[in-house]
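UniProt numbering applies: residue 1 is where the sequence shown begins, and numbers increase by one.
To be clear, the hints were calculated from the coordinates, so they are not data collected in a lab. Predicted, not measured: the structure shown is a model, and the values here were computed from it. Among these hints, one or two may not hold up.
Stated by the list, open to error - The calculated lysine-lysine pairs, modelled on DSS-like cross-linking and capped at a C-alpha distance of 25 angstroms, are:
| hint | residue 1 | residue 2 |
| --- | --- | --- |
| 1 | Lys198 | Lys181 |
| 2 | Lys149 | Lys163 |
| 3 | Lys149 | Lys181 |
| 4 | Lys198 | Lys163 |
| 5 | Lys148 | Lys198 |
| 6 | Lys75 | Lys163 |
| 7 | Lys181 | Lys208 |
| 8 | Lys75 | Lys181 |
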Amino acid sequence: MPLMPGAEPYHHDAGQIGVLLCHGFTGTPQSLRPWAEYLAGHGVSVSLPRQPGHGTRWQEMNRTRWEDWYAEVEKAFADLQGRCAEVFVAGLSLGGCLALRLAEVHGAAIRGVMVVNPSIALDVPLLRLAPLLKWFVASVPGVANDVKKPGVTELAYTRTPVKAAASLPGLWSLVQADLAKVTQPLLVFHSTEDHVVKPASVAIIRAKVPQATIEELTDSYHVATLDNDADRIFAGSLDFIRTHASVPLQRD
């Protein structure tokens, strides 16, 4: 299946510190590419994989489930772990949920977690109906491109594949149930105006992960990594890595 131009994965080998970046549901690596390139430019080894079913056609995504997306980021984590002394994980939206799941599963093998507008809660009424809707409709209108900055477009599907979406509650329930296992340093960037993910996800993290640092973004919508607060996210994540890594960055 041909890829959308710009949906390609991104990898960069640098120093002993690695960061795995996970894109969101129906999105592509394009939404995190500037973040990945910023970190790479500061001596970080970066892995930004394309999750199965993403970046081609929404019909293909309907043949995948959350287990497929998680398996891809697990594979990328194992690869980084084999090449780097320390690994951080990060993600946008549902990619933030995948990053948190990695932290729950791998514990001390992950040095820290950075998430932007993470989605870990069933807070969209339509998704409650997805297990039933999947028998009647293949897709519904998409949630992509929630960006405040003029002239910026997120590369993502304009339709939400219902069968794929019907698998999300299982992932959310699992991640919520195991949040106490996230004992690593956690940095959360949260847009105060987000038209995709409701405040419930950050509220749950705030309540269940006491060491989490919540940074409010006041000039961006959901896809904040492409929005007006992107530079703040990039610089803040680099400071977070410098603070919590025990080995120096290649360019420090």
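Hint check results:
1. Lys198 / Lys181: Holds - the C-alpha atoms of Lys181 and Lys198 are around 23 angstroms apart, at most 25 angstroms.
2. Lys149 / Lys163: With Cα atoms ~31 angstroms apart, Lys149 and Lys163 exceed 25 angstroms; violated.
3. Lys149 / Lys181: 36 angstroms, violated
4. Lys198 / Lys163: Given pair Lys198, Lys163 holds - Cα atoms ~22 angstroms apart, limit 25 angstroms.
5. Lys148 / Lys198: The given pair, whose Cα atoms are some 17 angstroms apart, holds under the 25 angstroms limit.
6. Lys75 / Lys163: Cα-Cα ~24 angstroms, so holds.
7. Lys181 / Lys208: 10 angstroms, holds
8. Lys75 / Lys181: OK: Lys75 and Lys181 at ~21 angstroms, within 25 angstroms.
Going down the numbered hints, you'll see the structure goes against 2, 3, while the others check out.
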